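Position chain B relative to chain A; hints supplied.
One letter stands for each residue in the lines below.
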Amino acid sequence: AQKITQTQPGMFVQEKEAVTLDCTYDTSDPSYGLFWYKQPSSGEMIFLIYQGSYDQQNATEGRYSLNFQKARKSANLVISASQLGDSAMYFCAMRDFYNQGGKLIFGQGTELSVKP
Amino acid sequence: KAGVTQTPRYLIKTRGQQVTLSCSPISGHRSVSWYQQTPGQGLQFLFEYFSETQRNKGNFPGRFSGRQFSNSRSEMNVSTLELGDSALYLCASSLSEVLQETQYFGPGTRLLVL
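Heads up: the protein sequence lines correspond to chains A and B, in order. In terms of the numbering used here, the numbers along the first sequence are unbroken and rise by one, the last being 116. In terms of the numbering used here, the numbers along the second sequence are unbroken and rise by one, the last being 1114.
With the rest of the complex left out, here is chain A (with noise of 0.2 Å):
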């Protein structure tokens, strides 16, 4: 069965740094898509990147960059030159392409707390 697993249910970060938020997913599906969202306490969830199976480059959105290992089934998310306002969860999804329909599966969500 399709899993997204993220190991860090918090992290802290200085400001200006950079972080990196794990993620890792199981599917028998050669053909899917992760992304990243992001969810500030308000409540409305940010899509962050996308990455496909059969990309060939990892994913790159300003300061978000997406560290692909397809051997290790990770996709962690890299966040350079943190800033207060990063400070959320985040969240990362899936979806393959036997799944009927558009139906995301979320891992679990890492709570990122950014220092001045």
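Calculated directly from the structure, the hints in this document are not laboratory data. As the structure is a computational prediction, the values presented were derived from the model and not from experiment. Even glycine gets a Cβ: it sits at the ideal position worked out from N, Cα and C. Be aware that one or more of the hints could be misleading.
Which bits of chain B does chain A cover? Going by a derived footprint, with three or more residues having C-beta under 8 Å, they are [stated by the list, open to error]:
1) 1079-1092
2) 1095-1109
Distance windows between CB atoms, simulated [said to hold, decoys possible]:
3) Q56/A - I1012/B: 47 to 57 Å
4) Y54/A - G1016/B: 46 to 56 Å
5) G1016/B - E15/A: 46 to 56 Å
6) T1080/B - Q83/A: 38 to 48 Å
7) E1052/B - P116/A: 18 to 28 Å
8) P40/A - S1096/B: 42 to 52 Å
9) Q83/A - P1039/B: 24 to 34 Å
10) Q14/A - K1013/B: 38 to 48 Å
11) P30/A - P1039/B: 32 to 42 Å
12) S28/A - P1008/B: 32 to 42 Å
13) I1012/B - R72/A: 40 to 50 Å
14) A1/A - T1053/B: 22 to 32 Å
15) N1077/B - S31/A: 28 to 38 Å
Among chain A residues calculated to face chain B with C-beta under 8 Å, some are [unchecked claim]:
16) S31
17) G33
18) F35
19) M45
20) G52
21) M89
22) F91
23) R95
24) F97
25) G102
26) F106
27) G109
For chain B alone, kept in the frame of chain A given last:
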């Protein structure tokens, strides 16, 4: 372009009542999904609609139902509310069901069942 909107934002109900939540997707998006978020269970998929048809359903009792209208707006209904239904209900829309299509979420509806 306006984002996903959800109404109401907050709701307080008592056990046994029913509730209807509404979601308006981003203009042009035809796929709408619903998720329930609780501290204990995390984010769980409820159902997904595409072109007024339910395409996928999560493991929730029949008290949870939904529908999608011709303008892609969606509603979900929970009947005979239980205390455990207290949660943040999130709606997400995407252009289609294609694998790489990003789902964009609304601000959610916080439901409290007393």
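How the hints compare with the structure:
1. 1079-1092: holds (count 3)
2. 1095-1109: holds (count 11)
3. Q56/A - I1012/B: 47 to 57 Å: About 50 Å separates the Cβ atoms of Q56/A and I1012/B, which means 47 to 57 Å holds.
4. Y54/A - G1016/B: 46 to 56 Å: holds, 50 Å
5. G1016/B - E15/A: 46 to 56 Å: This hint holds: roughly 49 Å between Cβ atoms.
6. T1080/B - Q83/A: 38 to 48 Å: holds, 45 Å
7. E1052/B - P116/A: 18 to 28 Å: violated, 50 Å
8. P40/A - S1096/B: 42 to 52 Å: Hint violated: Cβ distance 28 Å, outside 42 to 52 Å.
9. Q83/A - P1039/B: 24 to 34 Å: Distance hint for Q83/A, P1039/B holds at roughly 27 Å.
10. Q14/A - K1013/B: 38 to 48 Å: holds, 43 Å
11. P30/A - P1039/B: 32 to 42 Å: For P30/A and P1039/B the Cβ distance comes to about 34 Å; the hint holds.
12. S28/A - P1008/B: 32 to 42 Å: Check passed, 41 Å falls within 32 to 42 Å.
13. I1012/B - R72/A: 40 to 50 Å: At 46 Å between Cβs, range holds.
14. A1/A - T1053/B: 22 to 32 Å: Hint holds: Cβ distance 25 Å, inside 22 to 32 Å.
15. N1077/B - S31/A: 28 to 38 Å: Once the Cβ atoms are compared, 34 Å apart, the range 28 to 38 Å for S31/A and N1077/B holds.
16. S31: holds, 7 Å
17. G33: G33/A check passes; min Cβ-Cβ to chain B is 5 Å, inside 8 Å.
18. F35: Nearest chain B Cβ about 7 Å off; hint holds.
19. M45: It holds, given that the least Cβ distance between M45/A and chain B is near 4 Å, below 8 Å.
20. G52: With Cβ-Cβ at 5 Å, under 8 Å, it holds.
21. M89: The hint is violated - M89/A has no Cβ within 8 Å of chain B, the shortest such distance being about 10 Å.
22. F91: holds, 7 Å
23. R95: Since chain B brings a Cβ to about 6 Å from R95/A, closer than 8 Å, the hint holds.
24. F97: Check passed: Cβ of F97/A comes within 6 Å of chain B, closer than 8 Å.
25. G102: holds, 5 Å
26. F106: With a closest approach of 4 Å, the F106/A hint holds.
27. G109: holds, 7 Å
Violated hints, in rising order: 7, 8 and 21; the structure is consistent with all others.
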